[in-house]
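Student: These protein sequences, in sequence, are chains G and V. Here the first sequence stands for residues 1 to 484, numbered as in the UniProt record's numbering. Here the second sequence stands for residues 1 to 484, numbered as in the UniProt record's numbering.
Don't take every hint at face value.
Copies of one chain are not kept apart here, so a pair can be met inside one copy or by any two copies together.
As the list claims (entries may be wrong) - Here are the simulated DSSO-like pairs of lysine-lysine, each with C-alpha atoms no more than 30 Å apart in a straight line:
no. : residue 1 : residue 2
1   : Lys-346   : Lys-38
2   : Lys-261   : Lys-54
3   : Lys-346   : Lys-240
4   : Lys-54    : Lys-38
5   : Lys-38    : Lys-261
Since the hints were made in silico from the structure, they are not lab data.
Protein chains: 2
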Amino acid sequence: MASDDLIDEELRRDSPEEGGKPDDRVDDERHDEENRLKPEFVRRVVDALEDGDKSEVYDLVEPLHPADVADLFELVGREDRSALAEAVSDLLSSEVISELNDYVREDMIDALPAYAVAEIAEQLETDDAVQLIEDLDPRDQAAVLAEMEPEDRAAIESALSYPEETAGRLMQREFVAVPEHITVGDLIDFLRDEASDPDALPTDFFEIFVVDPAHRPVGTCQLSWILRTPRHIGLTDVMKRDQTLIPVTADQEEVALMFQKYGLISAAVVDEAGRLVGQMTVDDVVHIISEEAGEDALLLSGAGDGDINEPILLTVRARLSWLVINLGTAMLAASVVSYFQDAIAKFALLAVLMPIVSGMGGNAGTQTLAVTVRALATNQLTSANTWRAIGRELTIASANGMALAILIGGGTALVFDNPLLGAVIGTAMIINNLTAGMAGIAVPVTLERLRIDPAVSSAVFVTTATDVMGFFSFLGLAVLTGLA
Amino acid sequence: MASDDLIDEELRRDSPEEGGKPDDRVDDERHDEENRLKPEFVRRVVDALEDGDKSEVYDLVEPLHPADVADLFELVGREDRSALAEAVSDLLSSEVISELNDYVREDMIDALPAYAVAEIAEQLETDDAVQLIEDLDPRDQAAVLAEMEPEDRAAIESALSYPEETAGRLMQREFVAVPEHITVGDLIDFLRDEASDPDALPTDFFEIFVVDPAHRPVGTCQLSWILRTPRHIGLTDVMKRDQTLIPVTADQEEVALMFQKYGLISAAVVDEAGRLVGQMTVDDVVHIISEEAGEDALLLSGAGDGDINEPILLTVRARLSWLVINLGTAMLAASVVSYFQDAIAKFALLAVLMPIVSGMGGNAGTQTLAVTVRALATNQLTSANTWRAIGRELTIASANGMALAILIGGGTALVFDNPLLGAVIGTAMIINNLTAGMAGIAVPVTLERLRIDPAVSSAVFVTTATDVMGFFSFLGLAVLTGLA
Numbered sequence: 001m002a003s004d005d006l007i008d009e010e011l012r013r014d015s016p017e018e019g020g021k022p023d024d025r026v027d028d029e030r031h032d033e034e035n036r037l038k039p040e041f042v043r044r045v046v047d048a049l050e051d052g053d054k055s056e057v058y059d060l061v062e063p064l065h066p067a068d069v070a071d072l073f074e075l076v077g078r079e080d081r082s083a084l085a086e087a088v089s090d091l092l093s094s095e096v097i098s099e100l101n102d103y104v105r106e107d108m109i110d111a112l113p114a115y116a117v118a119e120i121a122e123q124l125e126t127d128d129a130v131q132l133i134e135d136l137d138p139r140d141q142a143a144v145l146a147e148m149e150p151e152d153r154a155a156i157e158s159a160l161s162y163p164e165e166t167a168g169r170l171m172q173r174e175f176v177a178v179p180e181h182i183t184v185g186d187l188i189d190f191l192r193d194e195a196s197d198p199d200a201l202p203t204d205f206f207e208i209f210v211v212d213p214a215h216r217p218v219g220t221c222q223l224s225w226i227l228r229t230p231r232h233i234g235l236t237d238v239m240k241r242d243q244t245l246i247p248v249t250a251d252q253e254e255v256a257l258m259f260q261k262y263g264l265i266s267a268a269v270v271d272e273a274g275r276l277v278g279q280m281t282v283d284d285v286v287h288i289i290s291e292e293a294g295e296d297a298l299l300l301s302g303a304g305d306g307d308i309n310e311p312i313l314l315t316v317r318a319r320l321s322w323l324v325i326n327l328g329t330a331m332l333a334a335s336v337v338s339y340f341q342d343a344i345a346k347f348a349l350l351a352v353l354m355p356i357v358s359g360m361g362g363n364a365g366t367q368t369l370a371v372t373v374r375a376l377a378t379n380q381l382t383s384a385n386t387w388r389a390i391g392r393e394l395t396i397a398s399a400n401g402m403a404l405a406i407l408i409g410g411g412t413a414l415v416f417d418n419p420l421l422g423a424v425i426g427t428a429m430i431i432n433n434l435t436a437g438m439a440g441i442a443v444p445v446t447l448e449r450l451r452i453d454p455a456v457s458s459a460v461f462v463t464t465a466t467d468v469m470g471f472f473s474f475l476g477l478a479v480l481t482g483l484a
Numbered sequence: 001m002a003s004d005d006l007i008d009e010e011l012r013r014d015s016p017e018e019g020g021k022p023d024d025r026v027d028d029e030r031h032d033e034e035n036r037l038k039p040e041f042v043r044r045v046v047d048a049l050e051d052g053d054k055s056e057v058y059d060l061v062e063p064l065h066p067a068d069v070a071d072l073f074e075l076v077g078r079e080d081r082s083a084l085a086e087a088v089s090d091l092l093s094s095e096v097i098s099e100l101n102d103y104v105r106e107d108m109i110d111a112l113p114a115y116a117v118a119e120i121a122e123q124l125e126t127d128d129a130v131q132l133i134e135d136l137d138p139r140d141q142a143a144v145l146a147e148m149e150p151e152d153r154a155a156i157e158s159a160l161s162y163p164e165e166t167a168g169r170l171m172q173r174e175f176v177a178v179p180e181h182i183t184v185g186d187l188i189d190f191l192r193d194e195a196s197d198p199d200a201l202p203t204d205f206f207e208i209f210v211v212d213p214a215h216r217p218v219g220t221c222q223l224s225w226i227l228r229t230p231r232h233i234g235l236t237d238v239m240k241r242d243q244t245l246i247p248v249t250a251d252q253e254e255v256a257l258m259f260q261k262y263g264l265i266s267a268a269v270v271d272e273a274g275r276l277v278g279q280m281t282v283d284d285v286v287h288i289i290s291e292e293a294g295e296d297a298l299l300l301s302g303a304g305d306g307d308i309n310e311p312i313l314l315t316v317r318a319r320l321s322w323l324v325i326n327l328g329t330a331m332l333a334a335s336v337v338s339y340f341q342d343a344i345a346k347f348a349l350l351a352v353l354m355p356i357v358s359g360m361g362g363n364a365g366t367q368t369l370a371v372t373v374r375a376l377a378t379n380q381l382t383s384a385n386t387w388r389a390i391g392r393e394l395t396i397a398s399a400n401g402m403a404l405a406i407l408i409g410g411g412t413a414l415v416f417d418n419p420l421l422g423a424v425i426g427t428a429m430i431i432n433n434l435t436a437g438m439a440g441i442a443v444p445v446t447l448e449r450l451r452i453d454p455a456v457s458s459a460v461f462v463t464t465a466t467d468v469m470g471f472f473s474f475l476g477l478a479v480l481t482g483l484a
């Protein structure tokens, strides 16, 4: 889409069906006060779908913003998605497709014939088209590609040749690049000329890349710098030479960190030879940032993808494999307890108190672990300050261990009128808090050095350490001191 | 800064000290392969600081990108920050300040006199200046504000009158707004004229807001649309009327969700009367998105802020208060065990196995909890699909409970040659997995309805439920079936 369509498109946007004032979006009959679709509205759509009343469905959905159409697909059940896609196929714009959850997009795409998918893909920018097609099974993918224009197909095939979650796969192949030694006026004239060819310019762009004859970036211009500079000034006098270039092989996590660190709106992607081959824009990176930052909580808990739209069998498999690993570690901890069965048979109060020691160690370890994983993910914890961070965690663990020891040790001594028992549980609490603090930072830092994602694997090791050490220190001290 | 400074600034950026080719940033003597500062480099700076060799420090820091200068402040110890700030005070540009961690910024600002802070604040855009000043204690804040130009002071005082983490506090007060019924040519001429006044235009802007005579937004133009449109076209023919407006009172989380949902680069902020009073840009929102998404893992674990630069006493207090609450729930669970002391004294194997049941329930509950909290935070789980999500979680809990029951029940029956014990632990495992699934979704959903942040408070309730139910179901069934 380029600017000869633009005016038409703007006029369409102005038309009353599009919703009029933006404030109408909030607190209307379709949205609640937090701008989410109301359940009653979703219910009406589902009822109309079940009645087979396609025109009612269409009338309901048509006034929605594309992002809300995408939300609607997520909110109706799986079983209703293909019927909904059929009823509103006209409204499935590129914005709807690019906003859809991956699994929901699959449900919807499966319901459409290859030529319809190809038609949608051709309207999209390459990055969104790739998202649409990459998860199809190879046969469907080939069928859709066969229906596409050769040029679009080539762009998508090129993207698919890069690994998932790399810049080469995620980048837009549409961007604006111009040679050095032209003036601001030349550039504006060029853009106005190109605007008459619908495919010549990307829908939106935020900077102009200046390239040398070998197509290597030499500088970049924010559009705002161009707009406020007189026509006769040379582009080389406006552009910034020092720019952040993204290698085509960069992982999405690296890309997200660069955008955050340097406050980028868009950035050039270069191939191995340093040639400009694409750009990444912040609106796509925002999704990556949110995903990467949010996945830590899910990975730490072993919930896998943690996507509520994931097919249930995949979810069961992901969570169960984690639970089975944890079952192994729980059995390891139980085997520590089994060494002390005689002591427990003599003095059953030990069995009452021992989960407190192991559980509190687990809680303290999880705290340190969550902090460490986040600090590693945001590059705040690097090899330059690892020792300082370890010292910090051990100090915190000592302070907390001592405080908890006084509380639980004092309480136990008083309630059971047994000062020795109080001393034993207090000491065990300190030992286990130090274990928690040490494991909570050493495990993720070590895994990171070994290039294993610390969010995925740390928790098993940390809770094993705190469970084993919790039982061992408490029961062991009880036996040593002759309590049982 | 506006464009008469612009060319000078670009020339400075071109100078060799600024790093030449951007690729030099990576794999040089200062950076490791992931673009983080090398520990050896940080060490050299600290050594020079300790030797009191300020000019060596300056020479080392001067070639760094502002974002790296900010990182350096975070990587040196607290004790070195004020000396570093003194040595490189020339290099403390607005970009450095805005990239600094909050606590590190405080350490640094504390070392500078009020006039120096005021001088830095005046170079900044309002939003960054507010960040610099908002955390100072009231007396220092007043001293800094007194040193500032009246106009800048008024802007900051106005921002401080809004609550923390709202759009009014976070927005930039610099933006470009023009009346309707001008042409693209008029707009470009206006921008070129304004560019000669350094304070007239924001440093960067990504859209032009079109306003009515009462200063209410009526439309918006992306800069790329303006650049490709002929001069004689009216702005109303290029602009988009349907735009996302942010109320000045909106919470930062809401703002972040809007930017993600609608793929915004910038957006207008309006006051209660609907007048344009500021803008928010995506580079600031990116930090909010990353923070909001990343904090769930920290909040779920009770690690508070989870910032490794937080003063250690604050960290101890935050974590300890969570641990003490958990100590209470652990004691509650222990009191369940204490009812079964006689059974345990008779059959100590129960004490060996019981932590497996409670622990596995805790793991399963944490999985469901992490998924639910994330789905709530991203508006994927709303009142429109709550029942479907609950059904989904209970299905998963049944499947996983069954699978784990077979593993642990079968294993126990075989190893201890006691089929009844196997049946008891298997049944308890199923009961506790269902408890975990139910609590893992019902607790956060209920808290969200009560407008309590589910990430902060859910974990206590969920682990209490799984601990209590784990011990009760296993030990209770053991007694009921006459095992002990």
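Student: None of the hints should be skipped; say for each whether it holds.
Tutor: How the hints compare with the structure:
no., hint, in the structure
1, Lys-346 with Lys-38, "neither (61 Å within a copy, 57 Å between copies)"
2, Lys-261 with Lys-54, "between (48 Å within a copy, 27 Å between copies)"
3, Lys-346 with Lys-240, "neither (78 Å within a copy, 80 Å between copies)"
4, Lys-54 with Lys-38, "within (20 Å within a copy, 62 Å between copies)"
5, Lys-38 with Lys-261, "between (38 Å within a copy, 16 Å between copies)"
Hint violations for this structure: numbers 1 and 3, all remaining hints satisfied.
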